[in-house]
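Student: Required output: the full structure, derived from the provided sequences and hints.
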Amino acid sequence: MARRSRGQEKRAHPSVEQALDLPEILHKDVPHIELQGDAELALDGCKGILEYTEESIRLHAGALLLYVSGSNLCIRMYSEAQTVITGDIRQVALERVTA
Amino acid sequence: MFIVVLVRWLLGYVSFAGEGGFPERFINLCVKAHIPLWDLSRAGEQLTGKTTIRGYKHIRPIVRRSGVRVHITGKRGLPFWSARHRRRAGLIAGLLAAAVVIACLSVRIWTVSVTGNAEIPAETILAAAEELGVRVGAKRSNLDTAALAESLLDNVEGLSWAAVNIDNCRAVIEVRESTPAPEILDTQTPSNIIADADGVLTKVEVYSGTAAAEPGSGVVQGDLLISGVVENADGSQTLHGAQGNVYAEVTENMSFSCPDAPFLRLSASATRYSLFFFGLRIPLGFSPGEQAYTVERYLSNDELALPVGILRERAEVYNTEYTLENKTDRARFAAARFAARFAELWTDSVILHTALTFDFEAEDPYISGTVLCEKEIGINQQIFVEKISD
Numbered sequence: 001m002a003r004r005s006r007g008q009e010k011r012a013h014p015s016v017e018q019a020l021d022l023p024e025i026l027h028k029d030v031p032h033i034e035l036q037g038d039a040e041l042a043l044d045g046c047k048g049i050l051e052y053t054e055e056s057i058r059l060h061a062g063a064l065l066l067y068v069s070g071s072n073l074c075i076r077m078y079s080e081a082q083t084v085i086t087g088d089i090r091q092v093a094l095e096r097v098t099a
Numbered sequence: 001m002f003i004v005v006l007v008r009w010l011l012g013y014v015s016f017a018g019e020g021g022f023p024e025r026f027i028n029l030c031v032k033a034h035i036p037l038w039d040l041s042r043a044g045e046q047l048t049g050k051t052t053i054r055g056y057k058h059i060r061p062i063v064r065r066s067g068v069r070v071h072i073t074g075k076r077g078l079p080f081w082s083a084r085h086r087r088r089a090g091l092i093a094g095l096l097a098a099a100v101v102i103a104c105l106s107v108r109i110w111t112v113s114v115t116g117n118a119e120i121p122a123e124t125i126l127a128a129a130e131e132l133g134v135r136v137g138a139k140r141s142n143l144d145t146a147a148l149a150e151s152l153l154d155n156v157e158g159l160s161w162a163a164v165n166i167d168n169c170r171a172v173i174e175v176r177e178s179t180p181a182p183e184i185l186d187t188q189t190p191s192n193i194i195a196d197a198d199g200v201l202t203k204v205e206v207y208s209g210t211a212a213a214e215p216g217s218g219v220v221q222g223d224l225l226i227s228g229v230v231e232n233a234d235g236s237q238t239l240h241g242a243q244g245n246v247y248a249e250v251t252e253n254m255s256f257s258c259p260d261a262p263f264l265r266l267s268a269s270a271t272r273y274s275l276f277f278f279g280l281r282i283p284l285g286f287s288p289g290e291q292a293y294t295v296e297r298y299l300s301n302d303e304l305a306l307p308v309g310i311l312r313e314r315a316e317v318y319n320t321e322y323t324l325e326n327k328t329d330r331a332r333f334a335a336a337r338f339a340a341r342f343a344e345l346w347t348d349s350v351i352l353h354t355a356l357t358f359d360f361e362a363e364d365p366y367i368s369g370t371v372l373c374e375k376e377i378g379i380n381q382q383i384f385v386e387k388i389s390d
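Protein sequences, first through last, are from chains A and B. Under the numbering used here, think of the first position of the first sequence as 1, with each following residue one higher. Under the numbering used here, think of the first position of the second sequence as 1, with each following residue one higher.
Calculated from the structure, these hints are not laboratory results. Here a beta-carbon is modelled for each residue, glycine too, at the ideal position from N, C-alpha and C. Warning: the hint list may mix true and false statements.
[Unchecked claim] Sample of chain B residues lacking proximity to chain A, with all beta carbon distances greater than 10 angstroms (derived):
#, residue
1, 28
2, 38
3, 61
4, 87
5, 88
6, 141
7, 148
8, 176
9, 297
10, 347
[Said to hold, decoys possible] In the BS3-like style, the derived pairs of lysine-lysine whose C-alpha atoms are separated by at most 27 angstroms in a straight line are:
#, chain 1, residue 1, chain 2, residue 2
11, A, 47, B, 203
12, B, 75, B, 57
13, A, 47, B, 32
14, A, 47, B, 375
15, B, 387, B, 203
16, B, 139, B, 75
17, B, 50, B, 32
18, B, 32, B, 57
19, B, 50, B, 75
[As the list claims (entries may be wrong)] Chain B regions said to be covered by chain A (calculated; three or more residues, Cβ under 8 angstroms):
#, segment
20, 18 to 27
21, 39 to 46
Tutor: This is the structure we're talking about:
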């Protein structure tokens, strides 16, 4: 019997999701991003930091890579649950992770 | 956010700076090791941030793996503060004592006040409330305001409505007074109105009974002015309670001098101060006696008096006899007695004429003369009737 991967184990069956009208953001693999003006960005589901400088931060957010650029960027909070970036945010870019 | 900052301060935290190596790997490893990081920022090659005390103790293996050289730039929070001041036992004890005092006093009544009373003295209501348990220092949770209001109505006469409101540490007793019933005139008991003083009648107003004297006639004390006996048309007589007002010009003789009878002056006194703290009296000496009066002074601003203050009890004994020897003092004493009597006349009657002589330079200063005034002189006198059975 083939062993299922960890992601497959946690994800609910699509028919159940459709029946319960569960929003897509409740999936663990789908990052939840909130942007407040150009001063604060909150990301739920960050898997790690790939690059961190004063002008740019690149985050691994499951199926996506999040690229934030600006100036005076500061990681106000960083945990498995939520990451908050503050500073003068000028650009936010998303990139899909390819296998 | 304030709660988060407060908790971090209470638990203590460390500010650090790191250089070299791989900062991103350092951050990721910290999160994997459940070391909380916040306020991370980069300035060139340097990485700065904050973490908990416990987190910093576990940061060494991560530093080795990531190659980042980390050093502490600041220590903040209660653990570091208390460690710095651990030799100042008094400061810590004071803080603890303050915390305990605040915790204890915040659940108790600090002040009790009364509003809405006009005729009934606030002291009466406060005394009744104190008997029921509403006093300075009482526990707020023990006060059943609805039951207290009911009991106040029962215990204080003249109240029509009462409420006890607890506003944080203040108890406010709000009351409404009942309207007193009007006085019922006794018109059934037979009575006459007679003269209370000698004089010449100026006005006779008869409401019930028969006038027995006319304006302009002179009367002496005890003369009948209004009779309670009314003659009916058929010649029979009926007894009534005479009612009316009779005014007369009355001459008041006034003569005042300083008596030789000795006065009494203060011979002994005793004072005791007491500290008052939330209903607790701490006497600072022996009791001055049962006849002592008390002066209370509390810490207060214009609106509120705190239940912390000083009580001054003082008892005074006047039994040393003395006589006024100074002529000026004797004259002043005679003038004061005259002024007091004249003020009484001024209040009770209309002053028509005064003829006074005085000599304050004499060996025994005096003031004497007559005051002609118009005032009511009628007083009721009951007619005693003997019932004769057939």
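Student: Decide, hint by hint, whether the structure agrees.
Tutor: Evaluated hints:
1. Annotated as non-interface, residue 28 of chain B brings its C-beta within 10 angstroms of a C-beta of chain A; the closest such distance is 4 angstroms.
2. At roughly 5 angstroms, the least C-beta separation between residue 38 of chain B and chain A is not larger than 10 angstroms, which violates its mark as non-interface.
3. Its beta-carbon lying about 18 angstroms from the closest one in chain A, residue 61 of chain B satisfies the requirement of being farther than 10 angstroms from that chain.
4. Under the 10 angstroms C-beta cut-off, the non-interface status given to residue 87 of chain B relative to chain A holds; the minimum distance is some 36 angstroms.
5. Its beta-carbon lying about 35 angstroms from the closest one in chain A, residue 88 of chain B satisfies the requirement of being farther than 10 angstroms from that chain.
6. The beta carbon of residue 141 of chain B sits about 40 angstroms from the closest Cβ of chain A, which is more than 10 angstroms, so the claim that it is off the interface holds.
7. With a least beta-carbon separation of about 52 angstroms from chain A, residue 148 of chain B lies farther than 10 angstroms from that chain, consistent with its non-interface assignment.
8. A cut-off of 10 angstroms between C-beta atoms confirms that residue 176 of chain B is not in contact with chain A; the least separation is 56 angstroms.
9. Residue placement check: residue 297 of chain B keeps its beta carbon more than 10 angstroms from all beta carbons of chain A (closest about 55 angstroms).
10. Even its closest Cβ contact with chain A, about 80 angstroms, leaves residue 347 of chain B beyond 10 angstroms, as expected for a residue assigned away from the interface.
11. Only pairs whose Cα atoms come within 27 angstroms are accepted, and residue 47 of chain A paired with residue 203 of chain B is rejected, the gap being roughly 110 angstroms.
12. Only pairs whose Cα atoms come within 27 angstroms are accepted, and residue 75 of chain B paired with residue 57 of chain B is accepted, the gap being roughly 13 angstroms.
13. As the CA atoms of residue 47 of chain A and residue 32 of chain B are separated by approximately 10 angstroms, the hinted pair is consistent with the 27 angstroms bound.
14. For the suggested pair residue 47 of chain A and residue 375 of chain B, the alpha carbons sit about 105 angstroms apart, so the restraint of at most 27 angstroms is broken.
15. The suggested pairing of residue 387 of chain B with residue 203 of chain B is violated, with an alpha-carbon distance near 35 angstroms, which exceeds 27 angstroms.
16. A distance of roughly 42 angstroms separates the Cα atoms of residue 139 of chain B and residue 75 of chain B; the hinted pair therefore is violated under the 27 angstroms criterion.
17. Simply put, residue 50 of chain B and residue 32 of chain B have alpha-carbon atoms about 16 angstroms apart, close enough for the 27 angstroms limit, and the pair holds.
18. For the proposed pair residue 32 of chain B and residue 57 of chain B, the alpha carbon gap of about 15 angstroms is at most 27 angstroms, so the pair holds.
19. Between residue 50 of chain B and residue 75 of chain B, the direct Cα distance comes to roughly 10 angstroms. Compliance with the 27 angstroms bound is thereby established for this hinted pair.
20. Closer than 8 angstroms: that is the beta-carbon criterion, and the segment 18 to 27 of chain B has 3 residues meeting it against chain A, so the requirement of 3 holds.
21. For the segment 39 to 46 of chain B, the assignment as covered by chain A holds, since 6 residues bring a beta-carbon within under 8 angstroms of that chain's beta-carbons and 3 suffice.
Hint compliance for this structure: hints 1, 2, 11, 14, 15 and 16 are broken, all remaining hints hold.
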